[in-house]
Amino acid sequence: MNGSSATSNSTQSDGDDDDAGNRKQNPQQLKYYQLKAQKLLDDMLGQKLEMVRDPIDAPHKDPEIDEGGIHLFKHAPRGIVFDYIDEFQQPRKKPRILPGKEIDEKSKKFRRQIQSAAVNAEDIMATARDACQKALARLEAKDAAAKAAAKREEERIAELKRIRGERWLPSIAREMRKYP
Numbered sequence: 001m002n003g004s005s006a007t008s009n010s011t012q013s014d015g016d017d018d019d020a021g022n023r024k025q026n027p028q029q030l031k032y033y034q035l036k037a038q039k040l041l042d043d044m045l046g047q048k049l050e051m052v053r054d055p056i057d058a059p060h061k062d063p064e065i066d067e068g069g070i071h072l073f074k075h076a077p078r079g080i081v082f083d084y085i086d087e088f089q090q091p092r093k094k095p096r097i098l099p100g101k102e103i104d105e106k107s108k109k110f111r112r113q114i115q116s117a118a119v120n121a122e123d124i125m126a127t128a129r130d131a132c133q134k135a136l137a138r139l140e141a142k143d144a145a146a147k148a149a150a151k152r153e154e155e156r157i158a159e160l161k162r163i164r165g166e167r168w169l170p171s172i173a174r175e176m177r178k179y180p
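Be aware that the sequence shown starts at 1, since it is given in full-length UniProt numbering, and climbs by one per residue.
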């Protein structure tokens with residue numbers, strides 16, 4: 001009866017109004033080795049952990065932890081990073097264009113500041129155009145290679161049909177090899 005005794009199932013007190021399916025089962029008692037392990041763990045946790053009522057707000061020393069990733073060990077660098085962020089090449093120095101000063105628009109310093117902060121649309125468009133042309137050339141080369149491979153395969157099949165006849169099948173190829 002699946003590990004339960006027949007007497008416990010057959011005997012039911014007359015005072016119980018519960019159905020047989022709604023009775024609460026006694027929890028399975030722990031074995032000796034389980035009790036020893038549980039006691040050992042409780043002792044270890046009691047010595048190592050300190051329970052407090054209010055959580056302590058500890059400032060984050062390492063801001064990389066919040067960026068998303070998995071640390072295998074506590075002080076190890078991030079091993080698995082979920083979100084890679086494209087880092088754009090930016091000027092090394094922040095341009096300091098302060099309002100209120102008289103600005104000489106013809107000075108080299110002002111021009112350098114503007115060039116470090118400004119984006120040249122023509123350069124971006126030229127770079128995008130070059131990238132588009134390279135991608136298009138790669139696609140055309142890939143298509144040409146696929147067409148050439150298909151043409152070579154058709155020529156091979158046509159040659160086999162010419163040699164072996166119209167009803168040539170790959171299963172007959174083995175027999176044809178045996179009898180040259």
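In case anyone wonders, no lab produced these hints; they're calculated from the structure.
Be a bit skeptical, because a hint or two may be false.
Claimed, not checked - Pairs of lysine-lysine residues, derived as DSS-like cross-links and limited to a Cα-Cα distance of at most 25 Å, are as follows:
no.	residue 1	residue 2
1	K161	K147
2	K161	K151
3	K161	K142
What the hints assert, rightly or not - Pairwise CB distance ranges, derived in the manner of DEER restraints:
no.	residue 1	residue 2	range
4	A141	E102	51 to 61 Å
5	S116	Q47	53 to 63 Å
6	F110	K134	46 to 56 Å
Beta carbons are placed, not taken as given, at the ideal position from N, Cα and C, and that holds for glycine.
- Task: Go through the numbered hints given earlier and state which of them the structure violates, listing their numbers in rising order.
- Result: 3 and 6
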